[in-house]
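J.: Starting from the known structure of chain X, fit chain R onto it as the hints suggest.
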Amino acid sequence: MESIYLTIVLAPLAAAAIAGLLGSKIGRAGAHSVTILGVAISFALSLYVLWGLAFGDAEPYNGNVYEWAKIGNVTIAVGFLIDNLTALMMVVVTSVSLAVHVYTIGYMHDDPGYQRFFSYISLFTFSMLMLVMSNNLMQLFFGWEAVGLVSYLLIGFWFKRPSAVFANLKAFLVNRVGDFGFLLGIATLLYFAGSLDYAEIFAQAERIQGETINLWGATAVSALTVACICLFVGAMGKSAQVPLHVWLPDSMEGPTPISALIHAATMVTAGIFMVARMSPLFELSEAALAFVIVIGATTAFFMGLLGLVQQDIKRVVAYSTLSQLGYMTVALGASAYAASIFHLMTHAFFKALLFLAAGSVIIAMHHEQDIRKMGGLRKYLPITYWTFVIGTLALIGFPGFSGFFSKDALIEAVHASSLPGSGYAYWCVLLGVFVTALYSFRLLFVVFHGEERMDHHTKEHLHETPAVVTGPLIALAVPSVIVGWLTIEPILFGGFFEGAIFVRPEHDVLGEVGAEFHGPGAFVAHALTHSVTVYLAAAGALVAWFLYLKRPEIPGQLLERAGALYRLLANKYYFDWINENVIARATRAVGTGLWRVGDQLLIDGLIVNGSARAVGAIASAARRVQSGYLYHYAFAMVIALAALIGWFALRG
Amino acid sequence: MIDYALAAPEIFMTAAICVVLIVDVFLRQEKRWITYTLSMFALVGAAVVSLLFGTDSVATTFSGSYVADPAGNALKLFAYVIVALVFLYSRDYLERNGLYKGEFFVLGLFGLLGLMILVSGNNLLVLYLGLELQALSLYALVAFNRDSAAAAESAMKYFVLGSIASGMLLYGISILYGIAGTIELGPLAAALTEPGGLTVPAIVGLAFVIVGVAFKFGAVPFHMWIPDVYQGAPTPIALYVGSAPKIAAFALAWRVLVEGLGPLHVDWQGMLVILCVLSLVLGNFLAIVQTNFKRMLGYSTISHVGFILMGFIAGTENGVRDAMFYTIVYVLMATAAFGMIILLSRRGFEAESLDDFKGLNQRSPWFAFVMLLIMFSMTGVPPLVGFYAKLVVLQSVIEAGLVWLAALGVVAAVVGAFYYLRIVWYMYFAEAKDSSPLVAATDLRTAISVNGLSLLALGLFPGYLLNLCASVLG
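Order-wise, the sequence lines are chains X and R. Per the working numbering, residue 60 is the first one in the first sequence, and the count goes up by one each step. Per the working numbering, residue 4 is the first one in the second sequence, and the count goes up by one each step.
Mixed in with the good hints, there may be bad ones.
[Said to hold, decoys possible] Partial pick of chain R residues on the chain X-facing surface, computed with a CB cut under 10 Å:
{"hint": "1", "residue": "Val163"}
{"hint": "2", "residue": "Ala168"}
{"hint": "3", "residue": "Met171"}
{"hint": "4", "residue": "Leu173"}
{"hint": "5", "residue": "Leu209"}
{"hint": "6", "residue": "Phe211"}
{"hint": "7", "residue": "Ile213"}
{"hint": "8", "residue": "Pro224"}
{"hint": "9", "residue": "Pro266"}
{"hint": "10", "residue": "Asp270"}
{"hint": "11", "residue": "Trp369"}
{"hint": "12", "residue": "Val418"}
{"hint": "13", "residue": "Ala420"}
[Claimed, not checked] Selected chain X positions facing chain R (Cβ under 8 Å, derived; list incomplete):
{"hint": "14", "residue": "Gly165"}
{"hint": "15", "residue": "Leu232"}
{"hint": "16", "residue": "Ala678"}
{"hint": "17", "residue": "Ala693"}
{"hint": "18", "residue": "Leu703"}
{"hint": "19", "residue": "Phe707"}
Please keep in mind that the hints were generated in silico from the structure rather than gathered at the bench. Small disclaimer: the values here were computed from a predicted structure and weren't measured. In this text, a Cβ means the ideal position worked out from N, Cα and C, and glycines have one as well.
This is chain X alone, in the form it adopts within the complex (with noise of 0.2 Å):
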C-alpha cells in the first residue's frame, strides 16, 4: 500500500516538474498530457485508496516513509496517515484537479504561460496530497506552506497586472499572520507532548490539557486552549475567516480555474480539514471550541450579506465561498466535524461547478466579468445555463440536492449544540440561508435572465463554450446533485470517521441529530414539514426574483434610502480601509523607526562599517610582517620556536 499512497503523491509532483522544466520542449500538448494523466493516476489510486476503506477491508495506515531528521528526541519525518478523513479528502481534491486541469485547456487556450500554469496546479495537487496524507505536523506544515506558495504564484499568475500583483501580495501577507499562528501552535505542541506525530500527540491530549501556561502575569491557560486557539489562528487565515478573510475576494485575480481549484474547492478547506483532523484536541477545550463557532458564524452571515452589493460575477462567488467556509467552520465549533467534513466535499463540487460556470460565461462574454453587462445569456449559454442552476440549488440547499443535505445537518447539528455561542451561530447560520438563496439568485437572474446589456459587438459573438470547458461542467454537475443524497447516511450517521474524527459523548450533536434520521427520502419531508430553513431559501429566491427581474428598479431606490447600510457593504465593513490605513501604516512607521536608529546608525554604522575599517587596519599591519625577505621569514620562525619553548617549558 505505501508503494500506492507514494504514487499517489509523486505522480503530480513528476507531471508539474516535466511540464515546468521541459515545458519548452514538450510543448502545449504534451504540457497538458502529462499532467492531466499525472492527476488521473492519483485520482484512479486515491479511488481505489478509498473503496478499499469504506467497503474493502482494508485497514487505516500509519507509518513513517522516510526519516529526514533527528534532533534532539524529536524525529523529523515524511510519514502517511491514510484513514476514511484522508481518503475522503484525497478523493475530493483530485476529482476537482482532474476536472480543473481539463477546463484550463480551453480557459487558458490563448494564454502564453499556458506550460508554466499547467505546472503549478500540479504542483498544487502535489502540495495539498501531502498536506491531507501528512501523519505529522511538520508534513501538515510543508503542505500548508507549499499551497500558500502555490496559490501565491496563482493568484499572480498574470504578473504584468497590478491588480494580480497587490492581490497576490496581499493573501501572501493575510496568510503570513495566520501561518505564524500556526507554526505557534505546532510549536505548543511540540514542546508539551516532545513529538510531531498525530498519533503521539493524540495519546498526550489529556497530560496537554492539565499543563498550564502564563500568557499575561500571573494568568495560567490551559496549554490545549493555547495551541488549538494558535492552530486556528492558521485556519483563519488559510480558510479565510473573519478577520483574516480580505484576502480571499481579492485573489479573484488569478485565472478562473484556480478560483475554483483553490480557493474555492481544496486549499482553503485546508484550515476546516486541519481541524478536524485535530478534533482530539479541540475536544478537550471548549473555550477553543467557542472560539471556533463565533468565528465562523460571523463569516458565514456577515460575509454572506456582502455577496449582495458585489458586480463582478467571480467577486459574488467568493463572498458565497467565504459564507459557505464560515459554515463548515461553525459545524467544527459545534463539534459536528462530520457535518463540515460533509459540506466540505458537497461544497467542493458545486463551488468548483459554480466556478467553472462563471469562467464559462466570462470565456463566452471574451473576459468581461462585470454582471452589469450580462444579462439574457440563457438562450446563448444553454449548458453553462443549466448547469449554473444545478450549482445555484445545490448551494442554497434546495431539497434533494447535495447542499441541501449538508447544509441542513450542519444548522440541525448546530441547532443540538449547547456551546458557548452556539445560540448565536444558530442565528447566523439561519439567516444565512436567507441571504444565501438571495445572493445566489440575484446573480442567476442578472447574468442568465432580463435584458441583454452587452454591447453589441460581444453580443455578435455570443455562443455556448467548447467540450473541455462544458465537459467538466457536466461532470461537476452529477456529484453536485447526487453525493449528499448517497453519503449522507454513511457520512454523517453511520460512524464513517469513527477513529479519524473524535468526539466526546456529551458534544455529540450529530448523534441527537441522527437519532431522528431514518434515511434520505425522510430527510428531505422532515425538513420540509418541521423546518424553516427550505422556506427561508424559498424566500429568499422569491425576493431575488421579485427585485432584480420583477421589478429591477427597487434595489436602486433601495440604495439611496439606505445609504449608510450600503456604505458599509460596498466597503467591505472597512477591513481592508483598516488594514491599509491603521495596520500597514503603523508597521511601516516602526519599520522606518527601526532602520533609521537600529540598522542605519548601530548595524551598519558602528558594527558594519566599523568592523570593516578594523579589518582593514589589522590587514595592512599584518602585511608588511610578509615583507617577502627570507631572513625576516626565517627570523619569524626561530622566535616563535622560543617563544613555544620559552612559553612552556619554563612554565611548566
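T.: Chain R in isolation, oriented as in the chain X frame:
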C-alpha cells in the same frame, strides 16, 4: 620476519616510478602523453594494490618501523585520487605553456611516494624520511619552470625555510630519543607516560617537533612560504603543493602528536591553540586584502589549517576524526579551486587575478555555478560539505571545553565569507573584462564539474564520509 606485503603499495609505486622515469627518457616531446598515461596507470595500479593488500587491522613490519592500518590505507587511496586529479587538471595547462615534461609526473609521483611512506611511518625517522622525500620533490617542482624568476625565487625560499623546519624537527626527534631511548611511536608514548619523566626536556623536544608539523601545515607563524610559493609557482605546481601535502601534514600530526606524543597532550594542545588562533586571524584578515587569486587561496589555506588544528586540539578520538574529515574536504575544495584557475587560463595567460572571475556567469553559467559551489563550500554554507567540516571541528573544540575558540572560529568563518563571496559577486554581478569563451579540454571540464558537484553530494550526505573517517581510525 619482515612482511613485505604490508608495504606492497610503496614497493609497487617505487617500481612504477622507475618505469616511468626510464620510459620517459626515450620519448620525444610529441609522445609525452605516454608518460602521462603511464603515470595514471601507476596511480590506478597503486590503488589496486592498496585495495588488495589493505588490512582491517593494524600490523607492523620492518621491525616495527612501518605500520599498515585502515586509516593509512584510506589516506593513501585518497591521495591517489587527488594526485590523479592534479595530473588530469595539469596536462592541458602544461601542454599549452610548454611545460609538458616528464619531470612533472616523476617528481609528482615521488612526492606521492614520500606521502605514502609518511602515512605508514611508525617511527620518527621513517616519518622524517617520508617527509623529506616529499619535501625535496616539492622544492624541485616549484622551480620546475626554469625560465621563471618568480618560480626560482619562491623555490629558494621554500627550500631554505623547509630546511630550517626539517632541521628543527630532526633536532626535536633527537631530544625525544635522548629522553625515551626509542624512536618508535608506541614505546615512545609508553616511555613518556612513566611517572617522574623528564618533563621540561620533553617539552623542549616537543616544541621543535611542533615547528616541523606547523611548517608542513603552514600554520602561522610558520606560514610565510605559502603565499609566495602559491603565487610564484606555475598553477599546476601550486595545485599540487596546495592539495596532497595537506594529507601528509595531517598524517604527520596524527602519527607524531596523537600516537607518539599523546601523553604530552596538555602541552601540545596549548601550543596548537596559539598556532590555531594566529592562523585563523591572520589567514583570514590577510586573504581579504589580496588581489591575486592564488595568493588569496594561500591565505585561505592558512585559515583552513586553523580549523584542521581545532580537531587536534580536542585530542579526542572524535577530534582526530573531525580533523581528518576537514582535511579531506579541504583538499577536495582546494583541488577544485586551483582547477578553476587552470580552466580559465589560456596560452600565455594566467587567470590568477580576482578580476579574471568577473562576469564568469556570462561566459559560462555552468562553471560559474561550479565555482559558486566551491566558494560556498569554502565559506561553510550549508548544504555544502564545507559547512559540515566546520561544524564538526567546532563541535569537537566545544566538547574540549574551549568555547571561546569555537566562537573565534565562527567569527573567522564570517570574515572568510567576505573574500569567498566576493568571488561569487564578481562572477554574477560584475561585467566581464574579456568575454571570450572558455577553452579547455573535455576531460578537464568533466573532472572539475565532478569535483565541484562532489562538494554538494558530500554535503547532502555528510554522514558517509564522516562515518568512514571514524571507522578507519577505529
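J.: Next, verify each hint and record whether it holds.
T.: Structure-based check of each hint:
Restraint check, R/Val163 versus chain X: the minimum CB separation of about 6 Å is within 10 Å; hint holds. Interface hint at R/Ala168: satisfied, since its Cβ lies 7 Å from the closest Cβ of chain X, which is below the 10 Å cut-off. Look at R/Met171: its Cβ gets to within about 7 Å of chain X, closer than 10 Å, so that hint holds up. Here the hint on R/Leu173 is broken, as its CB sits about 14 Å from the closest CB of chain X, past 10 Å.
Proximity of R/Leu209 to chain X holds as hinted, the smallest CB-CB distance being about 8 Å (cut-off 10 Å). Taking 10 Å as the C-beta contact cut-off toward chain X, the hint placing R/Phe211 at the interface holds, the least distance being around 7 Å. Evaluation of the R/Ile213 hint against chain X yields a held restraint, the C-beta minimum of about 7 Å falling below 10 Å. Hint status for R/Pro224: holds, given a least beta-carbon distance of 4 Å to chain X, under 10 Å.
Checking R/Pro266 against chain X: minimum C-beta separation of about 13 Å lies over 10 Å; hint violated. With its C-beta approaching chain X no nearer than about 5 Å, R/Asp270 sits inside the 10 Å limit, and its interface hint holds. The criterion of a C-beta within 10 Å of any C-beta in chain X is not met by R/Trp369, whose closest approach is roughly 16 Å, and the hint is violated. Interface restraint check for R/Val418: the shortest CB-CB distance to chain X comes to about 7 Å, inside 10 Å, so the restraint holds.
The beta carbon of R/Ala420 comes no nearer than 12 Å to any beta carbon in chain X, farther than 10 Å, and the hint placing it at the interface is violated. The restraint placing X/Gly165 at the interface with chain R is violated, with a minimum CB-CB distance near 38 Å, outside the 8 Å limit. A hinted interface residue such as X/Leu232 counts as satisfied when its beta carbon comes closer than 8 Å to some beta carbon of chain R; here the least separation is about 28 Å, so the hint is violated. Proximity of X/Ala678 to chain R holds as hinted, the smallest CB-CB distance being about 4 Å (cut-off 8 Å).
The interface hint given for X/Ala693 is met, as the beta carbon of that residue sits about 6 Å from the closest beta carbon of chain R, less than 8 Å. For X/Leu703, the interface hint holds, the least distance from its beta-carbon to any beta-carbon of chain R being 4 Å, beneath 8 Å. A hinted interface residue such as X/Phe707 counts as satisfied when its beta carbon comes closer than 8 Å to some beta carbon of chain R; here the least separation is about 5 Å, so the hint holds.
Going down the numbered hints, you'll see the structure goes against 4, 9, 11, 13, 14 and 15, while the others check out.
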